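As they're listed, the protein sequences go chains A and B. For the first sequence, the working numbering puts the final residue at 114, and the numbers step up evenly by one. For the second sequence, the working numbering puts the final residue at 112, and the numbers step up evenly by one.
A few of these clues could be false.
Incomplete in silico selection of chain A near chain B, CB under 10 Å [stated by the list, open to error]:
no., residue
1, Gly3
2, Phe33
3, Tyr35
4, Glu44
5, Gly59
6, Pro61
7, Leu91
8, Thr102
9, Gly108
Below, a list of computed lysine-lysine pairs in the DSS-like style, where the Cα atoms sit at most 30 Å apart [what the hints assert, rightly or not]:
no., chain 1, residue 1, chain 2, residue 2
10, B, Lys45, A, Lys62
11, A, Lys15, A, Lys78
12, A, Lys78, B, Lys45
13, B, Lys56, B, Lys45
14, B, Lys42, A, Lys62
15, A, Lys78, A, Lys11
16, B, Lys45, A, Lys11
17, A, Lys11, B, Lys56
18, A, Lys62, A, Lys15
19, B, Lys42, A, Lys78
20, B, Lys42, A, Lys15
Read the hints as simulated data drawn from the structure, not as lab findings. All figures in this text were calculated on a predicted structure; none of them were measured in a lab. All residues carry an ideal CB built from backbone N, CA and C; glycine is no exception.
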Amino acid sequence: NAGVIQTPRHKVTGKGQEATLWCEPISGHSAVFWYRQTIVQGLEFLTYFRNQAPIDDSGMPKERFSAQMPNQSHSTLKIQSTQPQDSAVYLCASSLVGGAETLYFGSGTRLTVL
Amino acid sequence: QQNVQQSPESLIVPEGARTSLNCTFSDSASQYFWWYRQHSGKAPKALMSIFSNGEKEEGRFTIHLNKASLHFSLHIRDSQPSDSALYLCAGNYGGSGNKLIFGTGTLLSVKP
Numbered sequence: 001n002a003g004v005i006q007t008p009r010h011k012v013t014g015k016g017q018e019a020t021l022w023c024e025p026i027s028g029h030s031a032v033f034w035y036r037q038t039i040v041q042g043l044e045f046l047t048y049f050r051n052q053a054p055i056d057d058s059g060m061p062k063e064r065f066s067a068q069m070p071n072q073s074h075s076t077l078k079i080q081s082t083q084p085q086d087s088a089v090y091l092c093a094s095s096l097v098g099g100a101e102t103l104y105f106g107s108g109t110r111l112t113v114l
Numbered sequence: 001q002q003n004v005q006q007s008p009e010s011l012i013v014p015e016g017a018r019t020s021l022n023c024t025f026s027d028s029a030s031q032y033f034w035w036y037r038q039h040s041g042k043a044p045k046a047l048m049s050i051f052s053n054g055e056k057e058e059g060r061f062t063i064h065l066n067k068a069s070l071h072f073s074l075h076i077r078d079s080q081p082s083d084s085a086l087y088l089c090a091g092n093y094g095g096s097g098n099k100l101i102f103g104t105g106t107l108l109s110v111k112p
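Please model the complete structure; the sequences and the hints are all you need to start from.
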């Protein structure tokens, strides 16, 4: 099992450009989570899907961030008009059914906005 | 929304020492609690979990949960240089989905 796969590992964008981050969850896992990690804020929850349906997006900055899960094998996080404060490591995690299950994290995408 | 505070922010201990990491939650509604460990440049990985008041031991690691005081701790016996990592505590937050809310972490360095 390859684990949770995130691409790209690193992404550099200019201010105002769009960034799309990809996540492939572990096969058979029905819950997918997106987190953002910075030194100052730590690991912040962004959004959560179960069986491809959006369950909770309470952590998403509403205006420029969006997430989708078009099929059970991948999810995307899109950031429009990126700003320097969006620079962070974006982590995707999956679990069997969500709730009390173990989260398995990918290695993350490091986004740098210049 | 659940708020999770961890202390200390960072810690340096000698090899062989007993290490204690602390976590305090703002919300008593969480039902399950986790410690995750993240080595430098790597993904966070689940270490241990507990779902009820009390203690749980696995090898050199012991976790203790006191829901009444909203306190959760991790104790490492005979700390090793390989234990050097960022330790993150987390509790679930129900609402509509039961997501995990994480603390900002304690950076542990074990010196040989």
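Holds or violated: A:Thr102 as interface residue toward chain B, Cβ cutoff 10 Å? holds, 5 Å
Holds or violated: A:Lys62 and A:Lys15, Cα atoms, limit 30 Å. Since the Cα atoms of A:Lys62 and A:Lys15 sit roughly 18 Å apart, the hinted pair holds (cutoff 30 Å).
Interface hint status, A:Glu44 versus chain B (Cβ within 10 Å): holds, 8 Å
Minimum Cβ distance from A:Gly108 to chain B below 10 Å? Because about 7 Å separates A:Gly108 from the closest Cβ in chain B, which is inside the 10 Å limit, the hint holds.
Given A:Pro61 was flagged as interface, is its beta-carbon under 10 Å from a beta-carbon of chain B? violated, 15 Å
Hinted pair B:Lys42 and A:Lys62, Cα distance within 30 Å: holds, 29 Å
Regarding the pair A:Lys78 and B:Lys45, is the alpha-carbon distance no greater than 30 Å? With Cα atoms ~25 Å apart, A:Lys78 and B:Lys45 stay inside 30 Å; holds.
Given the hint that A:Lys78 pairs with A:Lys11, does the C-alpha gap stay at or below 30 Å? holds, 13 Å
Tell me if the interface restraint on A:Gly59 is satisfied: Cβ within less than 10 Å of some Cβ in chain B. holds, 8 Å
Could you grab the alpha-carbon distance between B:Lys42 and A:Lys78 and see if it respects the 30 Å cut-off? holds, 23 Å
Quick one, are A:Lys15 and A:Lys78 close enough, alpha carbons at most 30 Å? holds, 15 Å
Residue hint A:Gly3, partner chain B, criterion CB-CB below 10 Å: holds, 8 Å
In summary, the numbered hints that this structure violates are 6 and 17.
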